[in-house]
Amino acid sequence: MLRPPPHPLVALTLAAVWLLLSNSLAPGQIALGLLLGWAITLFAARFWPTTPRIHRPLLLLRFIGVVLADIVVANLAVARLIVVSPARLRPAFVQVPLALKSDLAISVLANTICLTPGTVSSRLAPDRAHLLVHALDAADPDGLVATIKRRYEAPLREIFEPC
Amino acid sequence: MMDLLLSFLILAGALFTFIGSLGLVRLRDFYTRLHGPTKASTLGVGSLLVASALYFSTRGEGVSLHEVLVTLFLFITAPVSAHLLSKAALHLKLHSLAPLPQGERSEPSGPNRSTVSQNSERDAQ
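Residue numbers (the numbering used here), protein chains in the order written: chain R, -1 to 161; chain U, 285 to 409.
Because the hints were derived from the structure by calculation, they are not lab data.
Estimated spans, in silico, between C-beta atoms of each pair:
hint: 1; chain 1: U; residue 1: S341; chain 2: R; residue 2: L59; range: 21 to 27 Å
hint: 2; chain 1: R; residue 1: R86; chain 2: U; residue 2: A298; range: 25 to 31 Å
hint: 3; chain 1: R; residue 1: L56; chain 2: U; residue 2: V364; range: 23 to 29 Å
hint: 4; chain 1: U; residue 1: V354; chain 2: R; residue 2: R86; range: 33 to 39 Å
hint: 5; chain 1: R; residue 1: E156; chain 2: U; residue 2: M286; range: 37 to 43 Å
hint: 6; chain 1: U; residue 1: L308; chain 2: R; residue 2: V71; range: 21 to 27 Å
hint: 7; chain 1: R; residue 1: A14; chain 2: U; residue 2: F292; range: 29 to 35 Å
hint: 8; chain 1: R; residue 1: A75; chain 2: U; residue 2: V354; range: 22 to 28 Å
hint: 9; chain 1: U; residue 1: V364; chain 2: R; residue 2: L10; range: 21 to 27 Å
hint: 10; chain 1: U; residue 1: L290; chain 2: R; residue 2: S105; range: 32 to 38 Å
hint: 11; chain 1: U; residue 1: F292; chain 2: R; residue 2: V64; range: 23 to 29 Å
Quick reminder that beta carbons are idealized off the backbone N, C-alpha and C, glycines included.
Working from the sequences, and respecting the hints, build out all of it.
Laid out in structure tokens, this is it:
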């Protein structure tokens, strides 16, 4: 019996990944990709009890752009720190209080923090109230927390949990 | 012109990958060393991949988009492994230059805490 996939967005993403893998846009490949996306989401549906919703797709695109730009800038900064003055680093652990609730939003935030060099997310508190972040050079820990919350958490909140 | 751009991208990628590994030598504790590889895998590998996509797309065999997939997988797996390494290090209470936050100390420590911290201090010297 044919049923619609429980996660249409994931199914479409899987189809796009398949097309990228095969590196062609032949009708046969598109059909095969859609079939794979449909079948995989159907079989894996039990692993994802809740369907993630993206409420602000344009904001998500803008968020990705901001993160990519930050990756470049922060990479240059950390490269300078390593080459010039590794002895004068001020590493610090900071606690970032979380306003996000959903699993997906929290994991996207943690991944973003790890991707921008200079910060690695280390531990999520069991009650999900805090995320422990290790910073390579934190002259101003409170400012770092404020930056993370304003630059990454606020847009993620609007994208995934607008209510 | 294209050659110049490609050489620049490849050299920049090599440079950043090198600086990332240099960080493993120059930084002094596990947590700061963790920042080196995450860095190399973002900007360094990123510019190598852009160079690869440009090169294979301009050879007349159609657009090459495999690099997008490599980037995607890398950007999903690298942060997760960094997070897990750092979490394991916290659990073992490895020697850290930064003071551990309050509340982390009260958790039960690993069975051989003293050997672990001695090792990491020896490594750091």
